[in-house]
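Colleague: Sequences listed follow chains D and V, in order. In terms of our numbering, the numbers along the first sequence are unbroken and rise by one, the last being 307. In terms of our numbering, the numbers along the second sequence are unbroken and rise by one, the last being 307.
Just so you know, these hints were derived from the structure itself, not from any lab. Hints may be right or wrong, so weigh each one.
For chains that are exact copies, the list does not tell them apart, and a pair is met inside one copy or across any two.
[As the list claims (entries may be wrong)] Think about it this way: if two alpha-carbon atoms lie no more than 25 Å apart in a straight line, the pair counts; the simulated SDA-like pairs of lysine to any residue are: (1) K266 - G168; (2) K266 - P166; (3) K266 - E101; (4) K266 - D58; (5) K266 - S200; (6) K266 - H167; (7) K266 - P186; (8) K266 - D165; (9) K266 - L170; (10) K266 - C173; (11) K266 - L70; (12) K266 - P217; (13) K266 - G177; (14) K266 - H153; (15) K266 - G240; (16) K266 - R299; (17) K266 - H253.
There are 2 protein chains.
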Amino acid sequence: MTTRNVLGLDVGGSSIKYQLASVAADGLPVVVQQDTLPTPESDPIAAFAAIARQLAGDDLAGVVIAIPGLVDSDSGTVLRSVNLPHLDGLRLGPLLGDLLEVPVDVVNDGRAAAIAEARWGAGDGHHDVFTLALGTGIAGCHVVGGEVAAGAHGIAGELGHIVVDPHGELCGCGQHGCLETVIGAPALRRAWRAAGGEGSPRDLLGAYENGDVRALPIVERAGNALGDALLTLLALVDPGCIVIGGGLASSPHRLVQLAVTRVDEKATFHVVPPIVSAELGRWAGAVGCIGIAVDRLTRAVHASAAR
Amino acid sequence: MTTRNVLGLDVGGSSIKYQLASVAADGLPVVVQQDTLPTPESDPIAAFAAIARQLAGDDLAGVVIAIPGLVDSDSGTVLRSVNLPHLDGLRLGPLLGDLLEVPVDVVNDGRAAAIAEARWGAGDGHHDVFTLALGTGIAGCHVVGGEVAAGAHGIAGELGHIVVDPHGELCGCGQHGCLETVIGAPALRRAWRAAGGEGSPRDLLGAYENGDVRALPIVERAGNALGDALLTLLALVDPGCIVIGGGLASSPHRLVQLAVTRVDEKATFHVVPPIVSAELGRWAGAVGCIGIAVDRLTRAVHASAAR
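Take these sequences, add in the hints, and give me the full structure.
Modeller: Okay, structure coming up:
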């Protein structure tokens with residue numbers, strides 16, 4: 001096996017973050033290019049093919065595309081993407097693969113980012129990593145040995161939808177009092193407005209830092225709810241490391257600090273693992289795509305050697 | 001590899017349930033003997049060795065011992081067993097292994113039973129099985145591909161210690177309102193006595209069947225709490241099958257039926273897997289020991305072939 005290129009595309013609603021990596025015989029990828037591109041608005045298969053050919057030339061061994069939404073990775077199909085509705089139902093993997101004549105994998109963007117954080121980011125060195133992204137939703141993903149432990153039906157890790165308050169608000173998922181109804185960005189925004197505050201959840205967190213008494217109960221309730229949910233995670237899943245990222249986890253980290261304090265105070269038989277901040281930031285999705293592409297390349301080499 | 005014998009000993013406080021199996025070249029075990037013996041009260045290493053020699057003769061390829069308590073399977077040590085205190089701290093695996101000159105594995109009895117139910121019992125045919133034993137405690141165990149997914153620190157699956165009522169009773173583990181404080185046998189006994197009932201949790205369940213209004217709120221609260229805990233399990237772990245056994249799950253099955261009804265009513269995005277009763281009953285622990293012994297034998301053969 002000589003050096004070959006793999007391409008990771010982390011596709012968002014308006015822009016694509018991509019990494020192009022050169023993979024040596026030992027399977028180690030070296031990122032040779034990293035940038036952003038506008039997301040094509042029409043004819044996605046042809047547009048992605050043109051991007052891949054332009055970036056990687058003839059020496060392309062595989063493409064992995066991360067999509068914000070529900071995907072069926074087995075068939076390479078985008079099931080539903082709120083931010084990329086023109087991809088809904090598209091058999092992106094096989095169609096683009098046929099055109100480029102290389103394997104094309106399609107993954108959920110959160111899972112790609114989780115794989116990246118677990119392998120090369122904040123979870124590096126741990127076999128068993130649970131990543132959590134705090135934002136509009138709460139996305140959880142359990143990565144064991146560098147691979148997603150997705151559960152029997154592909155939905156494991158939904159920490160945002162465990163019930164923390166049975167008498168709480170109706171969640172988008174149909175349950176009442178899910179963690180998301182307390183700590184999700186829309187929930188924090190509503191609570192902050194109801195308390196007379198102005199602006200975004202970040203403004204709420206800023207007001208909390210400045211001692212605003214209106215912010216205090218909202219932020220503490222959210223931090224405590226996250227802590228309680230993490231205790232449930234420790235009891236059921238017992239991860240070796242918890243990585244927390246997403247817009248609400250950064251700047252300031254107060255929500256996470258409150259949650260960690262809660263966990264330390266209330267843990268009994270639990271083993272509290274390191275709870276750390278995500279490190280790869282906005283490039284995590286693209287990095288994860290490269291990881292998945294390298295896995296496929298390595299498996300192909302092994303399968304070929306075994307024949 | 002010719003046919004060889006493996007021995008599984010499921011050691012309880014007063015009796016040992018054992019199975020002796022003959023393992024053919026294809027790795028399939030055939031149980032040739034199954035019975036109970038009194039648990040030796042002193043000199044456990046010599047006593048276990050005598051039992052193994054007597055049952056298996058010279059043709060012994062491995063022993064697996066299931067212990068009710070905390071064990072370190074890596075070192076073969078019994079850490080703490082309430083029912084077998086004279087084994088506490090004993091390096092049972094290596095000491096007995098040296099004497100018998102075969103590998104001796106030591107496992108927790110609940111995990112051995114879970115492996116058995118997942119492979120050959122009610123979970124047969126499912127890759128990903130979560131087993132739950134309802135009794136004095138609530139023991140959960142996640143078995144994936146026939147092996148226990150024990151978590152990073154060996155404590156995953158503690159469904160009995162997720163908090164279902166933050167304002168609930170103090171649990172033995174130090175938290176408040178764990179599932180065990182609502183549905184564990186001692187909790188049910190206390191609630192039943194407080195309501196003026198007499199007898200055991202089984203009597204409580206019998207009274208519920210007979211329409212006793214004192215039993216109604218206790219049993220429904222317990223069933224609902226189990227259902228809520230199972231919803232959390234579905235969201236976080238997403239198992240392919242849930243197997244429920246233990247003294248409180250059998251005869252009558254009302255607690256489990258109430259929990260399943262609760263899950264069906266409240267599930268939204270969750271995928272509700274088959275929720276079934278354990279099948280192997282009191283022999284599950286010994287059966288699991290045989291499974292673990294066969295695994296070791298098979299690995300040894302593969303390692304030998306690879307050399």
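Colleague: Could you run down the list of hints and mark each one as holding or not?
Modeller: Right, here's what the structure says about each hint:
Taking the shortest alpha-carbon separations for K266 and G168, both the intra-copy value of 22 Å and the inter-copy value of 14 Å come in at or below 25 Å. In this homomeric assembly, K266 and P166 come within 25 Å of each other (Cα to Cα) both inside a single copy, at 20 Å, and across copies, at 11 Å. Taking the shortest alpha-carbon separations for K266 and E101, neither the intra-copy value of 54 Å nor the inter-copy value of 46 Å comes in at or below 25 Å. Proximity of K266 and D58 under a CA criterion of 25 Å is satisfied in neither setting, with 57 Å inside one chain copy and 53 Å between copies.
Taking the shortest alpha-carbon separations for K266 and S200, neither the intra-copy value of 30 Å nor the inter-copy value of 32 Å comes in at or below 25 Å. Taking CA atoms no more than 25 Å apart as the test, K266 paired with H167 passes in both settings, with 22 Å inside one copy and 13 Å between copies. Taking the shortest alpha-carbon separations for K266 and P186, only the inter-copy value of 23 Å comes in at or below 25 Å, while the best intra-copy value is 28 Å. For the homomeric pair K266 and D165, the shortest alpha-carbon distances inside one copy (17 Å) and between copies (14 Å) are both at most 25 Å.
Taking CA atoms no more than 25 Å apart as the test, K266 paired with L170 passes between copies only; the shortest distance there is 12 Å, against 27 Å inside one copy. Taking the shortest Cα distances, K266 and C173 sit within 25 Å of each other only across copies (11 Å), while inside one copy they are farther apart (28 Å). In the homo-oligomer, the alpha carbons of K266 and L70 lie at most 25 Å apart only across protomers (22 Å), although the nearest pairing inside one protomer, at 35 Å, exceeds that limit. Taking CA atoms no more than 25 Å apart as the test, K266 paired with P217 passes inside one copy only; the shortest distance there is 19 Å, against 29 Å between copies.
Within a single copy, K266 and G177 get their C-alpha atoms as close as 21 Å, and across copies as close as 12 Å, so both meet the 25 Å cut-off. In this assembly of identical chains, the alpha carbons of K266 and H153 lie at most 25 Å apart only when taken from different copies (18 Å versus 32 Å within one copy). In this assembly of identical chains, the alpha carbons of K266 and G240 lie at most 25 Å apart only when taken from the same copy (18 Å versus 31 Å across copies). With identical chains, the CA atoms of K266 and R299 are never at most 25 Å apart, being 44 Å at best within one copy and 42 Å at best between copies.
With identical chains, the CA atoms of K266 and H253 are at most 25 Å apart within one copy only, with a shortest distance of 20 Å there and 34 Å across copies.
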